Amino acid sequence: EDQVTQSPEALRLQEGESSSLNCSYTVSGLRGLFWYRQDPGKGPEFLFTLYSAGEEKEKERLKATLTKKESFLHITAPKPEDSATYLCAVQARGDYKLSFGAGTTVTVRA
Amino acid sequence: EPEVTQTPSHQVTQMGQEVILRCVPISNHLYFYWYRQILGQKVEFLVSFYNNEISEKSEIFDDQFSVERPDGSNFTLKIRSTKLEDSAMYFCASRPDRGNEKLFFGSGTQLSVL
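Chains as they are written, first to last, in the numbering used here: chain A, 1 to 110; chain B, 1 to 114.
Read the hints as simulated data drawn from the structure, not as lab findings. Remember, predicted model here, so these are calculated numbers, not experimental data. Possibly wrong hints are sitting among the right ones.
As the list claims (entries may be wrong) - Derived pair list, reagent style DMTMM-like, types lysine to aspartate or glutamate, alpha-carbon separation capped at 20 Å: (1) A:K69 - A:D39; (2) B:K42 - A:E9; (3) B:K102 - A:E9; (4) B:K42 - A:E58; (5) A:K42 - B:D62; (6) A:K42 - B:E1; (7) B:K42 - A:E17; (8) B:K42 - A:D95; (9) B:K57 - A:D2; (10) A:K59 - B:E1; (11) A:K42 - B:E56; (12) B:K102 - A:E17; (13) B:K42 - A:E56; (14) B:K42 - A:E60; (15) A:K59 - A:D95; (16) A:K79 - A:D95; (17) B:K102 - A:E60.
To be verified - Now the in silico label distances, taken between C-beta atoms and shown as ranges: (18) A:Q3 - B:P8: 21 to 27 Å; (19) A:A110 - B:E1: 24 to 30 Å; (20) A:T26 - B:T13: 36 to 42 Å; (21) B:E1 - A:A10: 19 to 25 Å; (22) B:Y50 - A:N22: 29 to 35 Å.
Every residue gets a Cβ at the ideal spot worked out from N, C-alpha and C, and that includes glycine.
Please model the complete structure; the sequences and the hints are all you need to start from.
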């Protein structure tokens, strides 16, 4: 069974204070690893897909990286609007579904 | 930007009643999904649907659940006899084709079973 573990559960940052979120995974043949952002009461919003170890993707203040066992989401100089829950999910080869982690809730104080 | 639309946003029902949750996926998408999220827990996969049939389902998706694409635009999730533990946020999602794994989620239907 696919397993996704995210840490920390919660992260409180000062505006401008860079940090990283971790996603450890076990999957029988990785098709893709996904990062989503979820605001309260809303559905997950797609951020990145990573397919192979060594791959990196960037979007504004966010950068996602992938190794064979984990992925990191780096938040550089965060702003209050980056406050959200960040979800990691994996898709195994041959599967249609995504298996999600429990998420990291990020709060950025001005 | 096109989006997945779900109705209603909130649904309150009595235990044992049937509910139908409705979704309009993005128009040119071919793969459709239902996920749910119990308060404070992970987003959980329920079912995927492609080419007018279920392509994958989880253990949660038992005989009490069914999905249907009754016309070219709607995608529904029916729970035949609701239980207290069915209370959750239900998300519909869709994606374009086999080569594009990016899932677009709706804003969800909050189901409360009393």
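For each hint, the structure was consulted:
A hinted pair counts as satisfied when its Cα atoms are at most 20 Å apart, and A:K69 with A:D39 does not qualify at roughly 27 Å. Restraint check for B:K42 and A:E9: the C-alpha separation of about 12 Å stays at or below 20 Å, so the hint holds. This hinted pair does not check out: B:K102 and A:E9 have alpha carbons roughly 25 Å apart, beyond 20 Å. A C-alpha spacing of about 25 Å is found between B:K42 and A:E58, which places the hinted pair above 20 Å, so the restraint is violated.
Restraint check for A:K42 and B:D62: the C-alpha separation of about 26 Å exceeds 20 Å, so the hint is violated. In summary, the hint linking A:K42 to B:E1 is supported, as the alpha carbons are separated by about 16 Å, within the 20 Å threshold. With a C-alpha separation of about 27 Å, the suggested pair B:K42 and A:E17 falls outside the 20 Å cut-off, and the hint is violated. A threshold of 20 Å between alpha carbons decides the hint, and for B:K42 with A:D95 the separation of about 19 Å falls inside it, so the pair holds.
Simply put, B:K57 and A:D2 have alpha-carbon atoms about 15 Å apart, close enough for the 20 Å limit, and the pair holds. Proximity of A:K59 to B:E1 is assessed by CA-CA distance (about 18 Å); at most 20 Å being required, the pair is judged to hold. The straight-line distance between the Cα atoms of A:K42 and B:E56 is roughly 25 Å, outside the 20 Å bound, and the hint therefore fails. For the proposed pair B:K102 and A:E17, the alpha carbon gap of about 30 Å is over 20 Å, so the pair is violated.
Restraint check for B:K42 and A:E56: the C-alpha separation of about 25 Å exceeds 20 Å, so the hint is violated. Between B:K42 and A:E60 the CA atoms are separated by roughly 26 Å; this puts the pair beyond 20 Å, and the hint is violated. Between A:K59 and A:D95 the alpha-carbon distance is near 27 Å, which puts this suggested pair outside the 20 Å criterion. The hinted pair formed by A:K79 and A:D95 fails the criterion: a straight-line CA distance of about 36 Å is larger than 20 Å.
Distance restraint check for B:K102 and A:E60: the Cα-Cα separation of roughly 19 Å lies within the 20 Å cut-off, and the hinted pair is therefore satisfied. The given range of 21 to 27 Å is broken by A:Q3 and B:P8, whose C-beta atoms sit roughly 34 Å from each other. The supplied range of 24 to 30 Å is met by A:A110 and B:E1, whose beta-carbon atoms lie about 28 Å from each other. Checked against the hint of 36 to 42 Å, the pair A:T26 and B:T13 passes, with Cβ atoms roughly 37 Å apart.
Roughly 30 Å separates the CB atoms of B:E1 and A:A10, a value that falls outside the hinted 19 to 25 Å. Distance hint check for B:Y50 and A:N22: the Cβ-Cβ separation is about 33 Å, which falls inside the suggested range of 29 to 35 Å.
Comparing the model with each earlier hint shows violations of hints 1, 3, 4, 5, 7, 11, 12, 13, 14, 15, 16, 18, 21; every other hint is respected.
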